[in-house]
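Colleague: The chain contents come next:
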Amino acid sequence: MSSEPLSVDILTSPHVKRPMSTNAIMRNVAVALAPVALFSIFAFGLSALLLLSVATISCVLTEWAVCRLSGKPNTVGDYSAAVTGLLLGLTLPPSFPLWMVAVGGAISIGLGKALFGGLGYNTFNPALVGRAFLQAAFPVAVTTWTPPFVQGRFLACIPSTLAFPFLKPTPVAEYIAAANIDAFTGATPLNLEGVTRLADPLDLFMGMTSGSTGETCAVLILLCGGYLLVRNMLDWRIPAGVLGSVFALSGVLHLINADTYPGPLFMVFSGGLMLGAIFMATDMVTSPTTALGVWIFSILIGVITVVIRLKGSLPEGVMYAILLANAVTPLIETWTQPRVFGTTKKASSTS
Amino acid sequence: MSGGTDDTLSFLILNTLLVNNFVLAQFLGICPFIGVSNKIETASRMGVAVIFVMLVSSALAYGINIVLVAADAEYLRLIAYIAVIASTVQLVEMFIKKTSPALFKALGIYLPLITTNCAVLGVAKLQTSEGYSFIQCIVFALGSGLGFTLALVIMAGIRQKLDLADVPGLAKGTAIILMIAGVLSMAFMGFAGLGS
Amino acid sequence: MSATAAHTVPHAHKPTSSLYMIVLLGAVSTVCGLIIVVADMVTAETIRNNLAQITREAVGEVLPGSTELVKYVADLEAGTITPLAEVTGGATNLFACFGTDESGQRRFLGCVSKAAGKGYAGTIEALYAYSPDAQTITGFKVLESKETPGLGDKIILDNDFNANFTNLDVALNGDMTALANPIVTVKHGKKTDPWQIDAISGATVSSKAVGALLDASAERMIPLIHQHLEELRKGGA
Amino acid sequence: MAQNFVLGHTFSHGVHPPEHKKGTRTEPIERLGFAPTLVVPLAQHIGAPAKAVVAKKQEVARGELIAEAGGFVSVPMHAPAAGTVTKIDLALIASGSMAPAVYIKVDPEASQEALEGEPFDIEAAAPGDLVGAVQQAGLVGLGGAAFPTHVKMTVPEGKTIDTVLANGCECEPYLTCDHRLMLEQKDELFAGLAIALKATGADRAIIGIEDNKQDALALLRDSVPHGLPIFVAPVKTKYPQGAEKMLIKALLNREVPSGGLPMDVNVACFNVSTLAQMAALLPKRQGLIERVVTVTGPGVRKPGNYLIPLGTPLQFILDHVGLTDDARQVILGGPMMGPSVSSLDVPTTKGVSGILALTQKELDDRPKQVYPCIKCGSCVEACPLYLNPSLLGALARKEEYEAMEQGYHLNDCFECASCTYVCPSNIPLVQYFRIAKSMNRERKAAKRK
Amino acid sequence: MASPSYKDSFVNGIWKENPVFVQVLGMCPALAITNSVENAIAMSCAVMFVLVTSNALVSILRKWVPKEVRIAVFILIIATFVTVTDYAVKAISVPIYKAMGPFIALIVVNCIILSRAEAFSSKNNVLKSILDGLGMGIGFSIALLCMGGVREILGSGSFLGHPLFGANYEPWVIFVLPSGGFFTLGAWLFIFAWWRERGARNKKPEGHQA
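Protein chains in written order, with my numbering: chain P, 74 to 424; chain H, 146 to 341; chain B, -2 to 234; chain V, 2 to 450; chain E, 7 to 216.
One should not assume that every hint holds.
[To be verified] Pairs of lysine-lysine, BS3-like flavour, derived with a Cα cap of 27 angstroms: (1) K399(V) with K317(H); (2) K145(P) with K369(V); (3) K188(B) with K241(P); (4) K384(P) with K184(B); (5) K90(P) with K399(V); (6) K384(P) with K115(B); (7) K115(B) with K104(E); (8) K438(V) with K90(P); (9) K384(P) with K205(B); (10) K73(E) with K243(H); (11) K399(V) with K184(H); (12) K90(P) with K58(V); (13) K73(E) with K143(B); (14) K438(V) with K306(H).
If you're looking for bench data, these hints aren't it; they were derived computationally from the structure.
Just need the whole structure built from these sequences, with the hints factored in.
Modeller: As structure tokens, then:
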């Protein structure tokens, strides 16, 4: 070995890193969402495909435009915008007009993310901001449901999908009537009356019902969540807290009065709860970082969901529950800051 | 006439706190909502002060309204209410100064601001037009005050976090607060129909 | 802002006597009081007329052709109706409506009642017209509501929905104490019976609220109208 | 006696970096020769620098005192080799700055036997004498912190020590010098513990060893001398188990108060190497002149544990072990906390437990792009002190250094870098904290003026 | 402090010191009563009336009002004119009165009016005070129209009740909801900030401008 000076690089410690990156997390979330998206395309056909594509493209384009306008480095490459777009698409009904989807994507990124300073600073889940905006802006379109597994779904769109921008979507009544599988009513299980008797939890579990594009198949969402969990990219406590509290609270209510309140299994598997609990509430940016905070956060989501579903006028409450929990996340974090080592008031005394 | 008189107390609380939140759905008390929501601590203190003043002035306004109606001098209502609120704030200030100097120090600077908080006058005005009973008035004032505080503290939490974020320069200040308030308002829409 | 202004008010340099302040405040109050009283006097009549006009127009919309209203306060608990002139408290919630026929004769057209109930967001207040001869509701109008614009407020604007109320069956049961069939709201497109209301698609909650408030009112009001039908036909004469 | 003494316990939080210990754990300690010139910095420890007592051109014997302690929190220095003092001048040290050092030109002809003082009867010595002898030996914490050992052994009025801990965790990846030392010098370790027990008046001693060193655990457990209250306890393999506060928490479930010392919870904690050196040096009143260093890393051809004279320049050591062609970076200490050096002229000091050479591959593997914090909470769950690195990092970005100290316990951070290790966004958190701390120090210094 | 010219008294409030967009005052009505242009106009008129009349009366009385009771007198005067406005609106149109809810009464605590009384008319002559009230009122009206215009056009697809885009237009309901109010005002403030920043940037080369 020669004694000539070695070219030494100066880097700060630590010199080893855990092999996990933000990029990889986002990429894996996108990968985990892929089966959900594929199932929805299988169930709802061409409309779902277009819907998901437009949502994703709209989000990515907005992200790109925002970066251009604000002179920041382009952050499209971190996959977060694509994930947001995909999530937004999965929460919308399959018949949703594409121009509204594009609006939703732009709002998600613009209002939900860029305004706060981009990835990492957003207070609310961007996809849900977009979804809530669409819900408030186009209340009819966002609650118009179509049945899954309609014949010919891969060749033709649901008529309202291709509505002309800024104009009312074409009614889907005829489409639903033509589909007419099992005297289908066009409502999601949560909208049906006497829910407990009409919807079989197994159907909900397997995704045989109508609903938002990506929320119908609970088992698939669970499996995809499991994938993320195995890869250590999902905080298991959040789905556990959300689903557990929904199950417990609705279970108690069901025991008290089985006629008014649907059973806990139905509550857990219906609507967007599974998708919300596994893919949206777990958004790291908008959930607390403290252990106790995570539990408070997730139980809060579960409780608000049940309250809105059973006591409010809206059939579905997951989205609002998550947004509200997002809003109080800073408070939860502030109040659950861990006790710093060695600062206990309890005697850290000798034996 | 209005259906207000048979509003149950739980409905009143839920309605003013969540469904028709004073700040986020009724646009009352926007100025303090924007002005005093920069720190969680100050926000919660302001909230407590407002709840207190609302309760007292609501009770007083109830009494005064009875007198005014009896004297057939309803046209003096507005002047009477604003006078009541201003003096309530003064009295509360003096009272707290005497009884708890610590609390006075904490609330001191916020108390005079409450006089021009339209949420307080709004409570008095709305309870009269809805024709609430005394108990309903108190619950209504309590719910409104809690609702105001809830919105204020949530906003303070978000803003405290936002201090560490790279908010685009142009949106800094009131613009982003309003945008966040808009998102909050959207989120609170989820409570529609609660309590009815 | 008060801190800065304190330095610039003209009289800041010398203390003011209490007497002066009291007199000044008194004077300002007097002026203000005068202004208010004058405003009240000037506008009182117009306001009363405006309110009456609005009621008349609303009733006219619900029951076209009515030119003369006789106002009653119906006490649904006690089962009494009292002409407005004779009561001090309470608000009008029942109108006997009269029009003129071809020959110019005064003719009893029916009754219009006020009803209120909880909607999707806040109270819905409405008027409905009842024809005692046909035993049907013949008209309906929302006076006030806080329903979601563009969705729930279709209960005001939607023509198909309003068509429900041109001939809504509210026939009474045998002993004339309650409706034979309760008014119910059914999902859009599922109306089968004349006493059902076809909901607005996408605004089921508000539609149901209308059904519920109509049913709650009609169950009491319509038997009451029939009890006092003769009196109402005469129109308080 | 062993009231709250839980076996196999650990502290909360922490991280699990890959160990990389295979290459050297089985390599017996090997003595390294003398470099032509040794550079002995006067401040190799925390506290006041030592004061040189030799002059230029003076001849020194190996083990001779060349600098005396500069105060209570300071230790003397001894000549690591026989030779001539060529100069007393500034030298580049590991931190990248210049500090005064004694340059000794090694005389290859001279006897390299270490100088011996008059015998010291440990059995008969009073605790105070023991402490004094430890200071005279120039002993500092050899685990890396280099805090003067005698200070830890001094029990102030009103305080008591009930437990002495021997820290055999060696939680830093790559390092195995303590592991080898425990295997090869167990008798010195026990003797050192006996001294520490006597000096502090503690009732018992516990040797805490991470459970990835089963051979050391078994060996020590089986050979505890009779009559000594010494226990051998496994602790979970987790970084930073070897931090004093963490070890105390793990073994005794006591929390050293924020801003406090182990003494505040009646504990004195010493590295196993320190204890072994203590036992080796004290009987003949010798000074610390060499130490075991793990020289390893993918860039080293012949990794192993070497007994190296203090003041040996890195270049000499690395020439001896051989560097691979793609070696790019040299780190003093472990990869989690050790600084990377800017020049191979830097000498080894008392606190250097490892020399690590990393290659181009490791550099390439280090993620380059820093993403914004996504509040994943990994760092919160890694921080052994339950701080909130994510929040501290955000504050540091906004240069809210004062708030970090006053509201968020910045000064409790001992820069273990667990947060930075886990951060998926590759934010240099620990670097932020170092900057924040130094900014705060500067600000306070400016205020004092 | 030098007294502003007559022109400045009038012009300042319209643009340079626009009460809503620049001074960020009077947010409650700017948010609450702007879901349609009609309501916005009615609210603007009400506020302008109170502004001008109270400014005038405050200015008339300014020589006699001692600072100790200054605020009390101002509030008394404002409350009087608000009560008058309340009756006037009710007499003019009951539907508009109902649409404005409690917000006519709440003009009393509208910071714009008290701050003009305090900052301007208690120091300036009657004519200037009236001009200031008018200017501020117009500035307020512009702001409300900006709000109301956007909200009605997007939210209902109409302007002053006249449909603009035909029956097939899909209204963005959110803009007539409370959250839409927040968004619209937030967006306007954003646009104004951008505008001012651009103005400042353009002016810079000519010399330092505050």
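Colleague: Need the status of pair K145(P), K369(V): alpha-carbon distance at most 27 angstroms?
Modeller: At roughly 18 angstroms apart (the allowed maximum being 27 angstroms), K369(V) and K145(P) satisfy the hint.
Colleague: Regarding the pair K73(E) and K243(H), is the alpha-carbon distance no greater than 27 angstroms?
Modeller: With Cα atoms ~26 angstroms apart, K73(E) and K243(H) stay inside 27 angstroms; holds.
Colleague: Verify the proposed pairing of K90(P) with K58(V), using a straight-line Cα cut of 27 angstroms.
Modeller: violated (48 angstroms)
Colleague: Taking only the CA atoms, is the gap from K90(P) to K399(V) under or equal to 27 angstroms?
Modeller: holds (25 angstroms)
Colleague: Does the alpha-carbon distance linking K384(P) and K184(B) stay inside the 27 angstroms limit?
Modeller: holds (20 angstroms)
Colleague: Given the hinted pair K188(B) and K241(P), is their alpha-carbon gap at most 27 angstroms?
Modeller: holds (26 angstroms)
Colleague: Could you grab the alpha-carbon distance between K438(V) and K90(P) and see if it respects the 27 angstroms cut-off?
Modeller: Status holds; Cα separation ~23 angstroms.
Colleague: Given the proposed pairing of K399(V) with K317(H), does the C-alpha separation stay at or below 27 angstroms?
Modeller: holds (15 angstroms)
Colleague: Holds or violated: K115(B) and K104(E), Cα atoms, limit 27 angstroms.
Modeller: Roughly 19 angstroms separates the two Cα atoms, so the pair holds.
Colleague: Starting from K384(P), check that the Cα of K115(B) is at most 27 angstroms away, please.
Modeller: holds (14 angstroms)
Colleague: Is it true that the CA of K399(V) sits at most 27 angstroms from the CA of K184(H)?
Modeller: holds (17 angstroms)
Colleague: Does K306(H) lie within 27 angstroms of K438(V) when you go C-alpha to C-alpha?
Modeller: It holds: about 22 angstroms lies between the C-alpha atoms, which stays within 27 angstroms.
Hint compliance for this structure: hints 12 and 13 are not met, and every other hint is.
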